[in-house]
Amino acid sequence: MIVKDVVCPFCGCLCDDIEVDVAENRVVAVTNACELGTKKLMGEKRMKNPILRDGDTWKDITYDEAIRYTVDMLTHAERPLLYGWSGTHGEAQCVGVHMAELVRGVIDNTSSVCHGPSILAIQEVGHPGCTLGVVKNRADLVIYWGANPIDAHPRHLSRYTRYADGFFLENAFRDRKVIVMDVRKTETANIADEFVQIKPGGDYAVLSALRAIVRGKEDIVPRTVAGVTREQLIRVVDLCKAAKFGAVYFGLGLTMTRGKYKNVRNAIELVSELNRHTKFTISAMRGHYNVYGSNEVNTWMTGYPFGIDFSRGIAFYNPGETTAVDILARKECDAALIVGSDPAAHFPRSCLKHLADIPVVQLDPYPNATTAFCNVQIPVAVTGIDAEGTAYRMDGVPIRTRKVLSTSYPSDEEVLSRIYREMQEAQAV
Amino acid sequence: MTFLMITGRTVNQGATVENKTSAGYAEETSTCFMHEFDMLELGLADQDAVRVAGPCGEVVMRAVASDEVEMGTVFVPYGPYANHIIAADTHSTGMPDFKSHEVEIEPTDEEPKTVHELMEELGGLAYDR
Ligand code: SF4
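One line per chain: the protein sequences are A and B, in this order. One point on numbering: in my numbering, the residue at position 33 of the first sequence is 33, and numbering is uninterrupted. One point on numbering: in my numbering, the residue at position 83 of the second sequence is 83, and numbering is uninterrupted.
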């Protein structure tokens with residue numbers, strides 16, 4: 001059976017035109033998705049039942065036992081950390097926030113190690129963004145800064161930019177210019193009209209130089225800035241000013257490098273300068289398919305996008321203090337619930353050492369690196385494959401993901417709701 | 001020799017990321033992409049093992065030539081190997097320096113560890129069923 005218009009639950013593009021061939025309740029073929037999405041939709045090796053670490057072995061346990069363990073762990077912890085949330089649907093994220101509030105824990109999502117710094121910059125200066133559809137239909141200039149969509153968001157170029165014809169662009173490939181600013185000459189750089197290679201750590205200086213040129217102060221710009229010649233910088237500004245509608249997409253090349261959120265702030269301010277001359281927007285290339293959603297859900301429920309600490313009884317937020325990497329590195333939390341992410345693969349090792357010392361429960365369909373640090377892992381349905389739910393695309397548009405298979409796995413929301421209810425009951429006693 | 005280590009997504013990393021116990025994931029995330037001249041300088045051929053030492057320890061990876069990286073810079077697909085050596089300091093932002101770590105690289109005869117071995121070294125218990 002072919003299921004049409006399936007939403008791909010891998011990256012922030014949330015492509016919604018996927019066709020999935022289902023036979024005997026398995027995905028046997030996928031059309032339209034890129035390699036990343038195809039591999040995810042055809043995923044194998046799911047965990048069959050909850051497991052419990054018993055000394056040096058793993059024991060199979062029931063869902064009831066796993067849920068009881070989690071309730072016990074969270075209600076007895078003094079400072080639990082509830083981390084992850086990008087790989088699950090908005091409905092489950094809502095339950096997570098309620099749980100964190102009930103146990104006065106800290107809830108953080110993976111944006112603290114991806115676009116968290118971008119959000120800090122946006123909190124400082126705002127950002128003129130727009131939907132992907134507007135870019136597809138109108139933008140005649142696209143800048144990718146510190147982003148490599150060919151590897152990280154493979155269909156971004158074909159659906160929205162380089163190869164996507166739009167309402168006001170009949171031949172996108174000819175009429176739309178693409179500029180890539182990066183420290184590496186990536187695959188994306190190879191297909192750009194203009195590639196600007198910046199010395200590592202030089203983004204802030206290059207952004208400042210571009211802002212000076214837009215302001216007409218090119219004579220104060222040195223001959224080269226972070227390895228980029230003044231002539232090339234002027235050429236980039238000329239292209240930007242000549243555009244009718246420009247869109248900047250920035251990636252972790254700005255947020256993970258020296259300067260972090262200040263780089264992003266400078267990029268937003270460059271876009272503000274350009275808006276004095278023409279129309280320009282700027283947006284983050286969000287990684288996980290619903291990392292944006294967890295920022296949204298947290299913000300409407302607590303006022304803050306990530307790293308929220310309920311220990312005072314009210315929501316408190318201070319990145320660097322209330323964010324997962326810092327809390328783990330300081331050995332501050334005494335229990336961890338991980339949902340929809342794999343911190344053991346993506347956090348520095350000193351954080352993992354602490355995970356090994358505290359009780360950890362993870363909700364995840366697959367064995368992964370964090371499994372090794374779990375006391376209990378609870379397999380769940382995969383949103384977009386055997387569970388449906390709401391996810392936010394990288395431009396903030398909420399999209400309902402579809403369910404293409406029927407399995408007996410409970411969804412994240414189902415498991416979390418049960419844990420939450422039992423926590424409420426435990427507290428009431 | 002001292003290099004600047006940058007981490008990031010690759011297609012192979014993304015395609016294997018949901019199957020972290022696979023050999024493909026371990027192979028991709030333990031690859032240290034280097035400039036050919038730097039490899040020449042260190043006497044390395046493609047797929048030779050290198051010991052990469054960062055501020056928080058060291059890890060064995062395999063060197064692979066890439067024309068995407070500049071001399072003096074190496075690129076490692078993000079995952080447990082690169083994270084084994086980076087510092088957890090976030091300078092009050094929540095974000096470690098995933099793309100700006102200085103590392104020392106030298107040839108070695110050791111083999112890269114598996115993901116399971118890395119996790120067990122830190123007190124984890126591998127699960128592979
Ligand atoms: S670009 Fe992203 S959302 Fe679209 S198919 Fe690929 S992984 Fe899925």
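No lab work stands behind these hints: they were computed from the structure. Please note: incorrect hints may appear among the correct ones.
Claimed, not checked - No more than 27 angstroms apart at the CA atoms, straight line, and that leaves these computed lysine-lysine pairs for DSS-like:
{"no.": "1", "chain 1": "B", "residue 1": "LYS113", "chain 2": "A", "residue 2": "LYS353"}
{"no.": "2", "chain 1": "B", "residue 1": "LYS113", "chain 2": "A", "residue 2": "LYS262"}
{"no.": "3", "chain 1": "A", "residue 1": "LYS279", "chain 2": "B", "residue 2": "LYS113"}
{"no.": "4", "chain 1": "A", "residue 1": "LYS199", "chain 2": "A", "residue 2": "LYS217"}
Stated by the list, open to error - Facing chain A, according to a computed beta carbon distance under 7 angstroms, are these residues of chain B, among others:
{"no.": "5", "residue": "PRO55"}
{"no.": "6", "residue": "VAL60"}
{"no.": "7", "residue": "ARG62"}
{"no.": "8", "residue": "ALA65"}
{"no.": "9", "residue": "GLY79"}
{"no.": "10", "residue": "VAL115"}
In this text the structure is predicted, and so the values were computed from the model without any measurement. Built from N, CA and C at the ideal position, the CB exists for glycine as well.
Given the hint that LYS279/A pairs with LYS113/B, does the C-alpha gap stay at or below 27 angstroms? violated (51 angstroms)
Against the 27 angstroms threshold, does the CA-CA distance of LYS199/A and LYS217/A hold or violate the hint? holds (23 angstroms)
Holds or violated: LYS113/B and LYS262/A, Cα atoms, limit 27 angstroms. violated (37 angstroms)
Given the hint that LYS113/B pairs with LYS353/A, test it: the Cα-Cα distance must not exceed 27 angstroms. holds (18 angstroms)
Is the shortest C-beta separation between VAL115/B and chain A less than 7 angstroms? Check passed: Cβ of VAL115/B comes within 6 angstroms of chain A, closer than 7 angstroms.
Interface hint status, ALA65/B versus chain A (Cβ within 7 angstroms): This interface hint is violated because 14 angstroms lies over the 7 angstroms limit.
Taking 7 angstroms as the limit, does the beta-carbon of ARG62/B come near enough to a beta-carbon in chain A? Hint violated; ARG62/B Cβ to chain A Cβ min 18 angstroms, cut 7 angstroms.
Is the hint on VAL60/B kept, meaning its closest Cβ partner in chain A is under 7 angstroms away? violated (14 angstroms)
Closest C-beta approach of GLY79/B to chain A relative to 7 angstroms, hint status: holds (5 angstroms)
Against chain A, is PRO55/B within 7 angstroms by beta-carbon distance? The hint is violated - PRO55/B has no Cβ within 7 angstroms of chain A, the shortest such distance being about 10 angstroms.
Taken one by one, the earlier hints fail for this structure at numbers 2, 3, 5, 6, 7, 8, listed in ascending order.
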